[in-house]
Structures are given as structure tokens and as C-alpha cells.
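2 protein chains.
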Amino acid sequence: MSRTIIESDANPRMKRWRKLAKEARAVKREGATLIEGIHLAESALENPKIAVDAVLLSEKTATDEALDLAEALMREKNARVYVLADRLYDELAPVEHGVGIMCEMPVPKTDALDFGSADVLYLDGIQDAGNAGTLIRTAVAAGFRTIAASPGTAQLWAPKVLRAGMGAHFGARIFEGVTPEAFRGAFKGQILAADARGGENLFTAPMATDGPVAWIMGAEGPGVSDAALAVADARRLIPIEAACESLNVGAAAAVCLFETRRRRMI
Amino acid sequence: MSRTIIESDANPRMKRWRKLAKEARAVKREGATLIEGIHLAESALENPKIAVDAVLLSEKTATDEALDLAEALMREKNARVYVLADRLYDELAPVEHGVGIMCEMPVPKTDALDFGSADVLYLDGIQDAGNAGTLIRTAVAAGFRTIAASPGTAQLWAPKVLRAGMGAHFGARIFEGVTPEAFRGAFKGQILAADARGGENLFTAPMATDGPVAWIMGAEGPGVSDAALAVADARRLIPIEAACESLNVGAAAAVCLFETRRRRMI
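The listed protein sequences correspond, in order, to chains H and D. Each residue of the first sequence is one higher than the last, beginning at 1 in our numbering. Each residue of the second sequence is one higher than the last, beginning at 267 in our numbering.
Think of the hints as simulated: they come from the structure by calculation, not from any bench. Some hints could be false.
As the list claims (entries may be wrong) - Example chain D residues on the side facing chain H (calculated, C-beta under 10 Å, incomplete):
| hint | residue |
| --- | --- |
| 1 | T470 |
| 2 | A500 |
| 3 | R501 |
| 4 | A520 |
Backbone N, C-alpha and C fix where the C-beta goes; we use that ideal spot for every residue, glycine too.
In isolation and in its complexed conformation, chain H is listed as follows (with noise of 0.2 Å):
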């Protein structure tokens, strides 16, 4: 497989490379990004929809797992192959000890804010990369293949977002710096906000399941925000003990999507 070899800090892709680890802005400006070890680009891989523009390879730690990847990448994606001295690799990679495999990757194009039928997770300010790629990956799970995030919600192509995701993005559509008032615009269905605060019993509370759902889910902390919740038609409360002040969001994310997905099912 023919190969070049980057052993040089001021290498331009290098540099390159580095922002896109680094800076969640330069993915969005670049509509680039990278995503690292072998789940990721194997999905990657088995995705007609998902582009591989570079395999980058670990120089002496890739494993022969990677290599085979790195191969197949190149055959069916037509990437190109980067072997990384390892310091270099090691710069770019989010985890310690990886198998020694990135891709980077087109950001996939969005089309125009249209919902069409489909039920949507709408983050509201969601800035932990870590919850924001675990919420994208129960949202899929739970058959809610459309996310869209308010302007204040982390870059949700960022790597580190891409690695919390495992792969869920590749099977999602992503809408970004969708304000709550452009939701509301756009989708046609029951808007309900997940609200520590208040609301209806999530398990007693009527929820219209013949028409697409859509879930607010805000921040730890300051929760929903006000400008969301003014579009929301309803605010849902997950009944929990007195004992606990709340929920981390991923599990009330959990909690609300799934109740949806099961009254579909009943």
C-alpha cells in the first residue's frame, strides 16, 4: 500500500491535524474532522454515506488490525495513507494506548431544516462533548435519528463528541445552530421539554405518538433554557426520589426517549 511518512512537527497536515484535535471551531470551519480506532472507522467503512478523505497511522503501535483497516479504507474510500512518527500520533489521538488508527473525514453536508416526519432530539445548550456524543448514541438507539442543537450546544462533529457517539452520528442526521424559534418553525409535531423543575408525570401524562415527538434535553445544571422552553407545547418531569436531586442527562435522555419509543411499540 503506498504510504507517505510524516515525521516533521511543521509538516502542513500535521499542522492541520493538530487544530482539528484540538479546536472544535476549526471542524466547523474546515468541515473536517477526525475520528480515532478501529469501531469508529470501521463504521466509517461500512457507511456508503460516510467519506474518508486520510487514514493516519501510528508508526510503530498500529496494530495489524489497523493496518488491514487502513487498507481497506484506501481501496473502498480512496484515502490516502499517513504513517506518524508515534510522538505525532500520540499528539493528535483523544485516548492513551489506541491501536494506533484515525481517519480524517468530510463533515457530512446538512440539507436545508427539514424534519419531514421524523422524531428529533433538540439539544439546548449541551456543552460537555462526553454527554453530548452519549446523548447522539441513545437518541439513535432509541429510534430518534435527527439532532438538532441550539448555536450554545458543543460542536457535535468535534472528535471528542464523534468518540462518545461510537458511531451513532454515521446514522444520524445533524442540524447545528438550529435556534429553538427555527425548531419550532420547522418541525410539525409534540415539542416536550424534559424539566427537573416541573411538568407532568413522564409516565402518566398524555404524549401524542401518532404524529413525530421531539425531546429538549438542557444542561446539567441551569436545565432547559428559557428560550426553549417557550416553544415546547409541554414540559415533562421524570418522577424521581426525594432522596436524589436529579438525573445526569444522558440517563434522563435515556429515560424520556425510551418511554417515547415504547408507547410506539405497545
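Since the structure of chain H is already known, use the hints to place chain D on it.
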């Protein structure tokens, strides 16, 4: 308020705290742990069952809120107050830019293995500290206030687990080092294993909610161990979309535990 100032790396208390901060085994051996931040310190203060032996303040960066809390802990819990040079404090703290308060507390003694009629979450080989803490938080919120953990699970009173638990530990009874066989021997109710590989649909299968229910959650990747599956009365599968391989263990637990809670409420 009477305070002892600690400025030397070699101070014997500092050595002890360093071990508690870094080594989960030290938490077990010493029967003591460290909690960091306003929220955990307040939760400890408010809970009559939790003792606090020492308050650690950072010399320059402790906030007024932290100082007030230290005063209250000294008064209500007879805690000794230590002021640490900032570099020593930072060495112990699990987060950067904290508010400058930590507490040393004894790990609460557990009773003999007796679950009574309580619902139980059994953690089967959950090694990740963040996951373990989030699971305890979710369990307490769902009314599963008794936690049992296999010998291969993280030390549940380690500082990182406490941090992710957000105070839920203080509202829970926690039994560690419980083998699946010992758990089966002591628990008088239905034991369900959440298993992504098979089992009946969580939402449509029966659940014996007239008696206590226990959920077994396994680690991501390996899932529930054979030894734990062997003591379960049944396996349950969360019906997820084919586009997604699996749920994060925290999300899976939220769905299972709150499904039990929902059935009890309805």
C-alpha cells in the same frame, strides 16, 4: 476557626491523602475517602449518617462559600480544618479550577448482607469510575437505594466514583465484593439481567413488581458475565434500533430501572 497549615510534600497527612486520592485500594485499606467540591461537602453536612474527619482548603483559591462550609463542618461534624498550599491541594483534587474544598470522610460501615425487601442494582464488573458513579446516581433516583457490586467492580467509595455519583452515595446502602452466588443467596426477589445479546423485550415481558426487583448491569463490551447470568431469573433486552449497536451502560440502566419504577407507579 482553628486551622492547621500544611506546606510540605512530606507531611504525613498529605502522604495519606495522596494515597486516598490516587489509589482505589487505599480507600479500601484505610476505610476512608476524599470528596471534592461544594455539592458533595454540603450533601455530607446535611446527612446525619455521614461523618467528616477533616476539611482540606486550598490556601489562596478557596472561595468564601468554601470557607463558610468548612466552618459549618467543623461545628456540626467536629471536623478538623487544614489549609493546604495550592500546589498540594491541586495534587489531590480530581478537577482543575475547583472551589478549593475537599473533605476526608470515613467510608460508612456496611451491615451484614441483608437486602430486606429493597430493590437492588447489582454492578457486575463495572470498572469505569465515571460509569459506576453515574449508575449509583441513576439507581438512587429510580428508587433502587441498595447497590451491590461484584469483586471486579470499581471501588465505589473512590473519589472519582463519588464525584460522578453527585452525592447519591449518601442516600444509598452499598455492599462491595459481593459474588453473584452470594447475591443470589441473600436476595429474595426477581433478578433480571440487562443483556444486549438476548432475552425478552423489556417493555412487553412481565416483571414481578409485587416483590423486590434486582437489576444486573454488566460492563460495556463484555456485558453481563456468565456467573451473573447464571443467578438471574430472566434476561431482558432493551429494544434498540438496528442502526445502533448498543447503549452506554448508564443509559441502559436508566431505561431498565425506570421501567421498574414506571410499573410500580402505574
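Status of each hint after checking the structure:
1. Annotation: interface hint on T470 (chain D) holds; nearest CB of chain H at approximately 7 Å, less than 10 Å.
2. Hint on A500 (chain D) is violated. Least Cβ distance to chain H is approximately 18 Å, over the 10 Å limit.
3. The beta carbon of R501 (chain D) is not positioned within 10 Å of any beta carbon in chain H (closest approach about 18 Å), and the interface hint is therefore violated.
4. Of the supplied interface hints, the one on A520 (chain D) holds, with its beta-carbon coming within about 4 Å of a beta-carbon of chain H, less than 10 Å.
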